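Here are the chains, one letter per residue:
2 protein chains.
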Amino acid sequence: MDAYKKAGVDINAGYKLVDDIKNLSKNSDLGSFGGLFPLALGTYKNPVLVSGTDGVGTKLLIAIKANLHKTIGIDLVAMCVNDVLAQGAKPLFFLDYLGVGHLDNEKAKDILTGVVEGVSQAQSKLVGGETAEMPDMYTHGHYDLAGFAVGIADQDKLLSSDNLHEGDILLGLASNGLHSNGFSLVRDILFKQNSYSLNDTLSGCDLDLKHELLRPTKIYVKSVLPLVEQGKIASIAHITGGGLPENVARILPEGLSAEFNYGSWKVPAIMKNLQEIGHLSFDDMKHTFNLGLGMVVAVHPEDADDIQSQLTAAGETVSRVGKLISGDKQVIIRKDQQ
Amino acid sequence: MDAYKKAGVDINAGYKLVDDIKNLSKNSDLGSFGGLFPLALGTYKNPVLVSGTDGVGTKLLIAIKANLHKTIGIDLVAMCVNDVLAQGAKPLFFLDYLGVGHLDNEKAKDILTGVVEGVSQAQSKLVGGETAEMPDMYTHGHYDLAGFAVGIADQDKLLSSDNLHEGDILLGLASNGLHSNGFSLVRDILFKQNSYSLNDTLSGCDLDLKHELLRPTKIYVKSVLPLVEQGKIASIAHITGGGLPENVARILPEGLSAEFNYGSWKVPAIMKNLQEIGHLSFDDMKHTFNLGLGMVVAVHPEDADDIQSQLTAAGETVSRVGKLISGDKQVIIRKDQQ
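Chains as they are written, first to last, in my numbering: chain S, 21 to 358; chain L, 21 to 358.
Calculated from the structure, these hints are not laboratory results.
One or more hints might be untrue.
Any copy will do: because identical chains look the same in the list, a pair fits if it lies in one copy or spans two.
What the hints assert, rightly or not - Using 27 Å as the maximum straight-line C-alpha spacing, the simulated DSSO-like pairs for lysine-lysine come out as follows:
{"id": "1", "residue 1": "Lys-36", "residue 2": "Lys-355"}
{"id": "2", "residue 1": "Lys-25", "residue 2": "Lys-212"}
{"id": "3", "residue 1": "Lys-110", "residue 2": "Lys-65"}
{"id": "4", "residue 1": "Lys-85", "residue 2": "Lys-127"}
{"id": "5", "residue 1": "Lys-145", "residue 2": "Lys-286"}
{"id": "6", "residue 1": "Lys-212", "residue 2": "Lys-26"}
{"id": "7", "residue 1": "Lys-90", "residue 2": "Lys-46"}
{"id": "8", "residue 1": "Lys-292", "residue 2": "Lys-110"}
{"id": "9", "residue 1": "Lys-242", "residue 2": "Lys-42"}
{"id": "10", "residue 1": "Lys-355", "residue 2": "Lys-26"}
{"id": "11", "residue 1": "Lys-355", "residue 2": "Lys-46"}
{"id": "12", "residue 1": "Lys-25", "residue 2": "Lys-349"}
{"id": "13", "residue 1": "Lys-110", "residue 2": "Lys-230"}
{"id": "14", "residue 1": "Lys-145", "residue 2": "Lys-177"}
{"id": "15", "residue 1": "Lys-42", "residue 2": "Lys-110"}
{"id": "16", "residue 1": "Lys-242", "residue 2": "Lys-355"}
{"id": "17", "residue 1": "Lys-177", "residue 2": "Lys-85"}
Note that the structure is predicted; figures quoted are calculated from it, not measured.
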């Protein structure tokens, strides 16, 4: 195996990493050809598997620049399982793909520590993964991460736009900052147009830039899934790339629009800083960032108080951010109160 | 959205691509938060989901260098679904992740054309995917691909090393050349240590290097799955990175070794060329390349003729390549006949 190692691929380093992940995840089956997940189907009449794949975009370049790799795996899991949750499904298991130029076991272990933490937050199971060493593909310590989550729901409990009616209330669940979208713009504003350092702390922010930018994406499974299972949630939008306009539009049926009252929730200080420093229009802001809402939950008016208090009790910061009105699938953000 | 586009991310190009993939895959549900797959469980008593994730390694760099992107997606699907098949499971659905520096819709469409073709060969369904545009992460037209496959099997029909006995016959299924492993060594030998051109044709090869190296990985689902479902296959090893030694060792139980008779199957001309040009030891060869066998199927002696003829009838090139002997999980490749 000497020739292959000289060509840049260290198979033994890969085996060592598999052992590390087995220990971290406490899943000793990792490393076989395929990951196994027994299905307990007692409670499902017409089970549907709901799967999602995603990456964390150029937030990775912040983790690389800051040399802080322990939370980016949480972002990876969050991006996938929140999508599965948004369909009304319970995330069951997760797999990760890590592409690297040269395998650095310590760094890979940090990355996978985050994946394992994310999977735990999602009350899910890590059943497999792939670490691919690709000399000449990735440079400068770069790596890419892709995640894959599979969940399950009963066919008639999948959330759908048919559940929505005029007057339904939109509850916004606070994000933990930027989450994992808009980072090409963030990097452009802070590090290309300007010369901020990762050690700087921007106005109104609690953390310096490296920690502020790397705040891990919230995983909403633990707080939201029980309410989905109670049948009390009409629909969910996971706010990712494209912001409120694109992601809320995806859940709207014909004949309804969503109206948000800007000012009814807190916009994170980091976003206000980015708007000011980058001279961004509100249009740019709303299409790129989550504006402080990581997930928007639509509920019927009679359930709104109950759901809001249950979500609050589960640790979420919840605001009543808008409602559904008659319209043509528009997402309107009213700034009257601003 | 102008600011984000100026920072290198074109959301509208992404939407166009989703439409293209919907058309290619004929799955109009693509583009929602999560991919849906209804489970038909009639025939499963204790269903187990079997999932696999993989990439295609630096074979990508050959596709990029040759500017031929239409088959690399077949490799991606093959790497994942053959792993699922090797557990005795039927692949159900697939998702892909494509990371790019700058989204080139034509190239992405070529790549996804291969994914759709691979999914079709695997008698599976494409239920989702992610195309991530990451400026500054990937350079020189580089991109990475990760795939995720999920299959299903009944718990008691999963292939396991418990099925294997001394005297079981190893049937080797011909690979389609290099498949998707060893490419860092291939590139080192051909393009770094030496200065071959992708237009050169090596001794004994039918195709020039760009087409020889890019031969898509065989997908064995259509020919092998029916035999798995008949209960006639004892175990399967998918021969990928690590070659016969590592991959066959993974299926061996305590007390058994595998003995291969080198010379009982055809080693592809491209590998012989690489051995000669790269001055590779046989040890390097066997740990890096599949040596011409993409999948090794273990069967009980009384089933060997039947299985061999069924696989041949299904279009596979099948050789009786060895057997299981008493031993300590060693993979022995006897070269007496060489």
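Against the structure, the hints:
For the identical chains of this complex, Lys-36 and Lys-355 are neighbours neither inside a copy (55 Å) nor across copies (31 Å), given an alpha-carbon limit of 27 Å. With identical chains, the CA atoms of Lys-25 and Lys-212 are at most 27 Å apart between copies only, with a shortest distance of 15 Å across copies and 37 Å within one. Taking the shortest Cα distances, Lys-110 and Lys-65 sit within 27 Å of each other both inside one copy (15 Å) and across copies (22 Å). Within a single copy, Lys-85 and Lys-127 get their C-alpha atoms as close as 13 Å, which meets the 27 Å cut-off; across copies the closest is 30 Å, which misses it.
When the C-alpha separation of Lys-145 and Lys-286 is checked against a cutoff of 27 Å, the pair qualifies neither within a copy, at 33 Å, nor between copies, at 42 Å. In this homomeric assembly, Lys-212 and Lys-26 come within 27 Å of each other (Cα to Cα) only across copies, at 12 Å, whereas the closest approach inside a single copy is 37 Å. For a Cα distance limit of 27 Å, the shortest separation of Lys-90 from Lys-46 inside one copy, 18 Å, qualifies, whereas the shortest one across copies, 39 Å, does not. Proximity of Lys-292 to Lys-110 under the C-alpha cut-off of 27 Å is found in neither arrangement, the shortest distances being 34 Å within a copy and 51 Å between copies.
In this assembly of identical chains, the alpha carbons of Lys-242 and Lys-42 lie at most 27 Å apart only when taken from the same copy (24 Å versus 33 Å across copies). In this assembly of identical chains, the alpha carbons of Lys-355 and Lys-26 lie at most 27 Å apart only when taken from different copies (26 Å versus 60 Å within one copy). In the homo-oligomer, the alpha carbons of Lys-355 and Lys-46 never lie at most 27 Å apart, since the shortest distance is 49 Å inside one protomer and 41 Å across protomers. In this assembly of identical chains, Lys-25 and Lys-349 lie within 27 Å of each other by CA distance solely across copies; the values are 24 Å between and 56 Å within a copy.
Taking CA atoms no more than 27 Å apart as the test, Lys-110 paired with Lys-230 passes in neither setting, with 32 Å inside one copy and 45 Å between copies. Proximity of Lys-145 to Lys-177 under the C-alpha cut-off of 27 Å is found in both arrangements, the shortest distances being 22 Å within a copy and 23 Å between copies. For the identical chains of this complex, Lys-42 and Lys-110 are neighbours both inside a copy (24 Å) and across copies (26 Å), given an alpha-carbon limit of 27 Å. Taking identical chains as interchangeable, the C-alpha atoms of Lys-242 and Lys-355 are never at most 27 Å apart, the minima being 32 Å within one chain and 58 Å between chains.
In the homo-oligomer, the alpha carbons of Lys-177 and Lys-85 never lie at most 27 Å apart, since the shortest distance is 43 Å inside one protomer and 48 Å across protomers.
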